[in-house]
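Its first residue numbered 1, the first sequence is counted upward by one per residue in the working numbering.
One or more of the hints may lead you astray.
As the list claims (entries may be wrong) - Estimated spans, in silico, between C-beta atoms of each pair:
id : residue 1 : residue 2 : range
1  : His98     : Pro143    : 29 to 35 Å
2  : Gly20     : Arg119    : 30 to 36 Å
3  : Asp92     : Ala174    : 27 to 33 Å
4  : Pro89     : Glu233    : 42 to 48 Å
5  : Gly166    : Thr25     : 46 to 52 Å
6  : Pro291    : Arg176    : 36 to 42 Å
7  : Pro269    : Thr25     : 17 to 23 Å
8  : Ala174    : Gly40     : 38 to 44 Å
No lab work stands behind these hints: they were computed from the structure.
From the three backbone atoms N, C-alpha and C, an ideal C-beta is built for every residue, glycine too.
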Amino acid sequence: MPELPEVETVRAGLADHVLGRTVLTVQVYRESAARRAPGGSIELVSRLRGRTFVAAVRRGKFCWLTLDGRDEALLVHLGMSGQLIVRAPGPDPAPQPHPHLRVRLGLDDGSALDFIDQRTFGHLTVVDLEPTADGLPAGAGSPDDRIPAPVGHIARDLLDPHLDTGAVVARVRARRTGLKRGLLDQTLVSGVGNIYADEGLWRARLHYARPTETARPGEVTRLLTATAEVMREALAVGGTSFDALYVNVNGASGYFDRSLTVYGQTGRPCPRCGTAIRRDSFMNRSSFSCPRCQPRPRHGHW
DNA sequence: ACCGGTCCCTGTTAGC
DNA sequence: TGCTAACAGGGACCGG
1 MPELPEVETV
11 RAGLADHVLG
21 RTVLTVQVYR
31 ESAARRAPGG
41 SIELVSRLRG
51 RTFVAAVRRG
61 KFCWLTLDGR
71 DEALLVHLGM
81 SGQLIVRAPG
91 PDPAPQPHPH
101 LRVRLGLDDG
111 SALDFIDQRT
121 FGHLTVVDLE
131 PTADGLPAGA
141 GSPDDRIPAP
151 VGHIARDLLD
161 PHLDTGAVVA
171 RVRARRTGLK
181 RGLLDQTLVS
191 GVGNIYADEG
201 LWRARLHYAR
211 PTETARPGEV
221 TRLLTATAEV
231 MREALAVGGT
241 SFDALYVNVN
251 GASGYFDRSL
261 TVYGQTGRPC
271 PRCGTAIRRD
281 SFMNRSSFSC
291 PRCQPRPRHG
301 HW
């Protein structure tokens with residue numbers, strides 16, 4: 001499940017491999033991959049063919065390739081299983097295309113950029129760019145202050161140097177919900193998904209259901225700092241282990257799993273105290289935590 | 001404006 | 001063995 005570190009790995013790979021390339025052909029193998037555009041695949045093809053990639057930018061889990069003229073971009077969201085793979089020039093070595101190949105962009109040097117997505121939550125769209133709300137650079141890899149219109153409501157992410165952490169702490173505490181819900185709300189702070197939320201909460205020794213309104217400023221700051229640390233460490237691992245020839249990420253089975261402390265570790269001992277990690281159902285998904293390091297808040301206790 | 005629930009989608013796995 | 005249900009989950013959307 002690609003979250004910020006995985007998407008940043010993809011962005012860096014795109015910056016290395018497709019900038020300066022021009023799109024010659026666009027093949028859409030599954031219409032729903034282009035569903036975010038009103039005109040669907042027809043619009044994707046017409047707005048993309050003949051265009052040149054001039055920047056690879058990311059904010060949170062959204063990534064975009066700015067197009068020549070800098071008024072439009074190819075916007076990508078990987079959903080939960082999306083991959084972007086650069087296929088080297090030359091005949092395709094595989095006898096038949098990947099079963100989950102959704103879109104293939106043929107580039108002017110004979111290479112191809114493949115969008116592969118098993119669970120189909122990801123999508124590609126060509127969108128207009130607009131000025132950022134704060135006038136600052138849009139995100140990682142951005143040469144300017146322009147952001148895709150559909151990403152305007154997404155907050156800066158935890159690794160953005162322009163992130164105002166104090167303001168995020170205040171906004172989280174102003175909410176009436178649980179800490180994990182706040183951390184996963186991409187309009188408060190972006191880039192965090194279920195995996196890194198659980199890892200950050202464990203590192204900060206906070207329970208996922210802790211009410212935001214009773215969380216002290218220092219605790220929320222600790223949560224944000226801890227989650228950013230986990231993501232920085234994952235990024236360092238992923239950045240060194242992906243094949244330089246390919247832009248390739250599969251968060252579900254990739255390189256980032258190995259350093260996970262609580263996510264998916266039901267029954268295994270907590271590295272801090274040895275207590276068995278437990279799994280709870282929360283927000284219709286799983287939450288993993290240490291019952292001792294992250295005690296459940298009792299009503300009225302705080 | 002905020003908040004929580006629902007749905008979209010496919011492949012794998014657990015359980016009867 | 002064969003079927004069904006649960007599970008993985010980001011984000012748009014909707015009703016309160």
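Here is what the structure says about each hint:
Between His98 and Pro143 the beta carbons are some 33 Å apart, a value that agrees with the proposed interval 29 to 35 Å. Range check, Gly20 to Arg119: about 32 Å between beta-carbon atoms, so the 30 to 36 Å window is met. Take Asp92 and Ala174: their Cβ atoms lie about 53 Å apart, and the range 27 to 33 Å is violated. Distance hint check for Pro89 and Glu233: the Cβ-Cβ separation is about 35 Å, which falls outside the suggested range of 42 to 48 Å.
The hinted range of 46 to 52 Å is satisfied by Gly166 and Thr25, whose Cβ atoms lie roughly 48 Å apart. Between Pro291 and Arg176 the C-beta distance comes to about 25 Å, which lies outside the given range of 36 to 42 Å. Checking the proposed 17 to 23 Å range against Pro269 and Thr25 shows it is violated: the Cβ atoms sit about 53 Å from each other. In this structure the hint that Ala174 and Gly40 lie 38 to 44 Å apart at CB holds, the actual value being about 39 Å.
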